[in-house]
Amino acid sequence: MTASALLETAALLGLFVLAGGGYGSLYSAGRLWSRPALIRAGGICWALTFVLALTIAIHTPLDPGWKLLILASAVVYAVIPPLTWRYLERLHDEQEPHQ
Amino acid sequence: MYRSQKLSLRYYTAAVALFGVMIVFGLLSALYYLYPAMLYNVFDFHMSKIMHIDTLVIWLLMGFLGAVYWYLPKELGIEVEGMWLAELMFWIFCVAVAIVALVFVFVQYGSANEFSMWFINQGRKYVEAPRWAAIGIVVVMAVFAYNVIATCIKARKMTGIMWVLVLDLIPLLAVYLDAFPAVTNMSVDLYWWWWLVHMWVESTWEVLIGCVMALVLMDVMGTSRRIVETWLYIEVMLVLGAGILGLGHHYFWIGTPQYWLGIGGFFSALEPLPLLGMVVHAIYDAGTHRMKTTNQPAFFWITAEAFGNFIGAGIWGFMMTLPQINLFSHGTQWTVSHGHFAFYGAYVCGIIAVLYVAKQQTSGVDMLAGRAWKWGFGLLNFGMVGMVMGLLLAGMAQAFYGRAIGGSTLMAFTSASENAWFVSGMWARLFFGFVFAAGYVVLVYDLLTAPKRVPVTRARLEPA
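In the order they appear, the protein sequences are chains S and A.
The numbering of the first sequence is the numbering used here, which starts it at 6 and goes up by one.
The numbering of the second sequence is the numbering used here, which starts it at 65 and goes up by one.
A hint or two may mislead.
[Stated by the list, open to error] Partial list, computed: chain A residues near chain S (C-beta under 10 Å):
1) N177
2) F179
3) I201
4) V202
5) V203
6) M205
7) L339
8) A346
9) L391
10) H394
[As the list claims (entries may be wrong)] The following label-pair restraints were derived from C-beta to C-beta distances:
11) G326(A) / I63(S): 15 to 25 Å
12) G70(S) / N483(A): 48 to 58 Å
13) M6(S) / M222(A): 29 to 39 Å
Note that these hints are calculated values from the structure, not bench results.
Everything numeric in this text was worked out from a predicted model, so none of it was measured.
Where is the CB? At the ideal position from N, CA and C, for every residue including glycine.
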């Protein structure tokens with residue numbers, strides 16, 4: 006790995022997780038305040054996450070196994086926020102009648 | 065107030081005092097990078113670093129013990145068993161810490177013999193305390209385990225949180241025994257040493273803070289027991305699933321077999337995923353409970369913990385965890401940047417939240433608000449973000465110039481340490497270190513000042 010590739014790859018990896026976090030945050034904020042625009046912005050963040058994963062897969066000198074793992078992670082990032090949100094809602098709904 | 069809660073307040077006081085000592089030695093360590101000849105042969109860099117890191121470990125540990133002693137009687141409905149022993153251990157713990165600190169400051173090191181290992185410095189990174197003190201920590205933890213288990217037995221009551229806590233006590237006690245071996249083969253020594261550092265600090269502490277946060281969430285936000293216990297079980301599952309083998313990312317360059325590159329990289333790459341779930345959970349809780357909290361500082365610190373953990377451990381960790389990157393980044397200020405952020409997010413924010421819970425309950429106010437805590441919150445977070453950005457810049461310069469271009473030679477290391485990017489990063493770290501220190505001063509001031517009495521009904525309607 007060249008010196009420039011090192012910094013580029015590390016920055017892409019960091020941005021990849023950051024974009025995933027942005028998606029999770031915006032999606033959750035959108036659901037919380039019922040703002041479709043925020044949910045859409047979250048969707049754009051996830052698209053960015055996927056684009057970053059593709060960029061990592063195509064342009065970085067990482068081993069193919071890591072590239073596949075990152076692409077798979079990008080797909081998993083897509084489902085974590087809605088899945089967690091639904092689970093939390095269900096948990097709270099079940100709990101409220103007992104309180 | 066229960067007797068164990070009074071003990072808890074003593075632990076908190078000691079923890080906050082050591083937090084301050086940690087900051088002082090952190091600032092001193094930062095200065096050495098800019099003035100390497102400073103205090104040469106009087107008080108060298110390595111002693112300052114030892115003080116900085118060891119006080120970090122001890123103040124967080126004291127914070128955890130304080131939190132458990134605080135919540136144990138509330139959770140089980142009875143006074144903690146063996147309180148006299150717990151109180152005795154607290155004083156022994158404090159005296160031992162003071163003696164070790166004085167030895168580190170005034171004696172510093174000795175010859176490479178048994179005497180030095182037992183009475184001056186054990187010589188193992190992060191657990192430098194001499195052997196007698198390390199045995200003391202085992203005794204303190206054993207008494208702590210006895211207090212928890214005996215109280216559960218006497219109360220004839222076990223909650224989900226208590227089960228997790230009791231089971232966590234086993235590795236908490238057992239893994240620390242890893243501090244003792246004196247293996248001469250460095251690879252073998254590091255192999256087991258990482259069990260101590262990763263498994264004790266990054267796994268058993270994660271579960272411990274999970275238990276504490278579960279109790280705090282019920283207390284501060286009124287979250288139901290079922291919800292917090294469900295999340296606690298999920299966390300334990302994730303610690304067991306990804307955290308244990310995530311240990312592998314420490315085995316990359318210490319002489320272990322090559323398969324650790326794959327294992328460590330894979331499980332470390334999974335670590336941001338549950339942290340993303342935590343962020344979603346934090347936003348959900350923040351939204352649904354924001355107006356209901358009567359303890360704004362604790363609430364904001366809990367929220368900061370979820371985000372800090374995601375950024376510090378998730379983003380900063382993922383940047384450098386894959387072996388091909390880690391080959392260049394390990395042992396640089398880049399790692400230091402990740403370490404600072406991850407520890408701050410995972411533990412420091414949580415312990416500060418617990419301090420505010422204690423403050424509210426000891427002062428007897430219905431609503432804890434005010435202005436000073438906001439300054440403390442802002443300065444500590446701003447200071448930490450600034451420090452880790454400075455360290456990241458310095459670390460990337462080291463990896464780029466010293467490792468990737470210079471080939472990791474001594475000359476490359478030296479010239480990278482004089483590189484303008486590195487030096488700028490270290491100046492930024494020092495500046496923001498002072499900002500962080502200012503935040504600490506405000507935090508202590510706020511914790512020690514009697515809160516204003518705000519009617520709950522009015523305060524709840526005010527935005528935080």
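Going down the list of hints, with the structure as the test:
no.	hint	in the structure
1	N177	43 Å, violated
2	F179	45 Å, violated
3	I201	35 Å, violated
4	V202	38 Å, violated
5	V203	41 Å, violated
6	M205	34 Å, violated
7	L339	8 Å, holds
8	A346	8 Å, holds
9	L391	8 Å, holds
10	H394	12 Å, violated
11	G326(A) / I63(S): 15 to 25 Å	22 Å, holds
12	G70(S) / N483(A): 48 to 58 Å	33 Å, violated
13	M6(S) / M222(A): 29 to 39 Å	52 Å, violated
Hint compliance for this structure: hints 1, 2, 3, 4, 5, 6, 10, 12 and 13 are broken, all remaining hints hold.
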